[in-house]
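Asker: Keeping the supplied structure of chain A fixed, place chain B upon it in accordance with the hints.
So the protein lines, in turn, are chains A and B.
So the first sequence is residues 0 to 445, counted in numbering that gives the first Met the number 0.
So the second sequence is residues 0 to 445, counted in numbering that gives the first Met the number 0.
Source of the hints: derived by calculation from the structure; they are not laboratory data.
C-beta: ideal position from N, C-alpha, C; glycine also.
Check each hint, because a few of them may be wrong.
[What the hints assert, rightly or not] Chain B regions said to be covered by chain A (calculated; three or more residues, Cβ under 8 Å):
hint	segment
1	41-52
2	148-155
3	236-246
4	266-272
Number of protein chains: 2
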Amino acid sequence: MIDYRRLRIALLGAGSVGSQVARLLLEHADELADRSGAALELAGIAVRDLDAPRDVELPRELLTTDAETLIVGSDIVIELMGGIEPAREYLLQALNSGADVVTGNKALLATHGAEIFDAADQVGASVSYEAAVAGAIPIIRPLRDSLAGDRVDRIVGIVNGTTNYILDRMDVEGAEMADILADAQRLGYAEADPTGDVEGHDAAQKAAILASLAFHTTVPLEAVHREGITGVTKQMMDAARHAGYVIKMVAVCERLTGRGEASDEAISVRVYPALIRREHPLASVHGVNNAVFVQAEAAGNLMFYGAGAGGVQTASAVLGDVVSAARRHIAGGAGVGESTRANLPTVDIGQVVTRYQITLEVDDRPGVLARVAGILSDGRVSIATVEQTLEQTPGQPGDDAAEAGSARLVIGTHKALEQDLSETVARLADDDVVERVVSVLRVEGD
Amino acid sequence: MIDYRRLRIALLGAGSVGSQVARLLLEHADELADRSGAALELAGIAVRDLDAPRDVELPRELLTTDAETLIVGSDIVIELMGGIEPAREYLLQALNSGADVVTGNKALLATHGAEIFDAADQVGASVSYEAAVAGAIPIIRPLRDSLAGDRVDRIVGIVNGTTNYILDRMDVEGAEMADILADAQRLGYAEADPTGDVEGHDAAQKAAILASLAFHTTVPLEAVHREGITGVTKQMMDAARHAGYVIKMVAVCERLTGRGEASDEAISVRVYPALIRREHPLASVHGVNNAVFVQAEAAGNLMFYGAGAGGVQTASAVLGDVVSAARRHIAGGAGVGESTRANLPTVDIGQVVTRYQITLEVDDRPGVLARVAGILSDGRVSIATVEQTLEQTPGQPGDDAAEAGSARLVIGTHKALEQDLSETVARLADDDVVERVVSVLRVEGD
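Isolated chain A, as found in the complex:
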């Protein structure tokens, strides 16, 4: 056990994301220390009500209602309270005391971002906010660092899970918005007052943050053109489908040339429901998922896809920021790697468990399937599906599988050990009823 330097972490807020962050900080303390090079000591969790019900049971002794005292002496302050005040005040207090700050507060960043970044610059502290846009999807760091040497021309993002869920179900089920919205509220995908989502306020905040970062400028929330989805009807969805499109609520951040008044460069930032071609990668973003499509001058088209919300998913983004802040803290900023590397054993391919599809050419006579099934079963390979074909598949003139007296068996297996599988396939190949093992393929991506 390495004796790591301790860093004092203050957590403000214990809602769906905050409580998961607290849980992961406590449960994964050893791993996080190895990743960070510092013991991340959760000093306390500031909450409004000590007795409020929470998603995760938290140690009572860590809870406090006194955020200001908790912040004092902290190395990293995680703000997951939401809202403008007192979050803004606490963040400024944290930065002024030299702490690095991690926040998921999109409303605050979209309205007071410049003030907060300036405060951080003055004391040389960092503000990280991966969780503020597109939940668990790493998009802030790629825009800030990975594309820092490129020029982003355009971003089209699905950044609000609630509206994507509603429009997706309208598209798939041919349903009316009112019905889906009621269902979404029941399932917790939409709030009792859905205005912030359906009118595009949430997406507009995220668009302002993305555009600021992508174009290295400050985009005030008022500069974001915003239209909600309430005008989208079942009839419009049907017509879109008919024309080869799907309607998605998108945030568009665009660099324009020769259009600004005083400059030869300007940007446009807007959120609205728009038609997206069915073949576009964004069209296949379903349910509450998010995706951000980026067009950059050199890199070309990139897409980042994943869970756009959810307590534990968003907590992943917060912890990534916390580990980075901790590395920076420890190394005086020089930390680029991690403290320790394990030396995990790599198992032989024989020890891998996966699904397989085995295609066999067998004699076409009674009892063959039973015999093949028996060999598989003896080899601990369990059959999920079998398809037997007698005649030649069209378009396969070179296929000799269907000669007189032969049949083709396509066997899908349940998960099996590669070693069992390969021994079983060898036994099948040797068996009299099997004329040829045509192919053995693994199935991935389940």
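Answerer: Using the frame of chain A, we list chain B on its own:
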């Protein structure tokens, strides 16, 4: 003009990626300085042959055959030579002299990564290698930083563009591999000796790098199980399609529990052609594109998609690393932001140019289409497509568009100015032949 501190950059290699990196460093010098907080001064470009033909014309005075002298005194060394030696020797020389290193050399990292990272640790220098895996796609930084507080369980990646191109065309065209391979070689998507790609050596190197990073361990290249695509036949592709799958060459990095010999944790790293369900996001990765699908304990499923190769695309990843290294250099590592922020004007929505789809309910009589077309043309909105329907579309019982005497016009426009469009729509709405403007939707994602 800010008087930035100058950083001396040495570039080793001027192939398809290196020459683009040199071009961008020279052409975008001002922007890169603003992003980095340092003037990135390209001190020289080490090449083997001063007179070799190159993708990009490079200033003759920057070229040198003496890499060792060039490295001396450099702040950042960019290695894009490829191969093991002398790249390894130069990288170690650079690190030992205290330079930060940026490399895209997957073969070197997969075989000598531990040695290079150790050398960097000893002097407190950084090694960045975003370009080594999946070209322009930011995947290294998300794995190293964004997911540092999470636990990656599994990665399934399409990380070799050549094999994806071959398998994709076999799937789409129903063609034989030999024909596609010949075509790919002609088009420059496959090398004259395609062994490194089709036998999976390239994918295996990338898999070793991804697994090392994702599981915080060292994965020797020999531990990667490797099967190439040469055994994949047209017949197998057809059978896969028939069963709802597509065959993709994948790199799989998996965390196993309770399977290692001496430990209760182990990993498996393997590359092979595998069946992927058609509905899986990886199935829609076409051509030479790459994508990396990551499953993490907290974050859930993430996917990173983009160009997997190409000189200018990969140069984007290299420059992102260079800017990060420069920020680190300048700020003693504390640099997390950028030096300057522009204050770009945000244009009003009226100034935005996009495509529209306008749906109108119009009188069903001769001359109406001509009249509508005239109004659009007067308003500087050019028509791309028109569809006219008389009868009610099935499944739209509430649709009153198709009452006696009415027709529905669905007009797709070419790109138009939003302001022109909204004025034109207002004029349409006021016109006698138009009964109702049913919807106006923008088309995004083209």
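Asker: When the structure is checked against the list of hints, which entries are broken? Sort them ascending.
Answerer: 1
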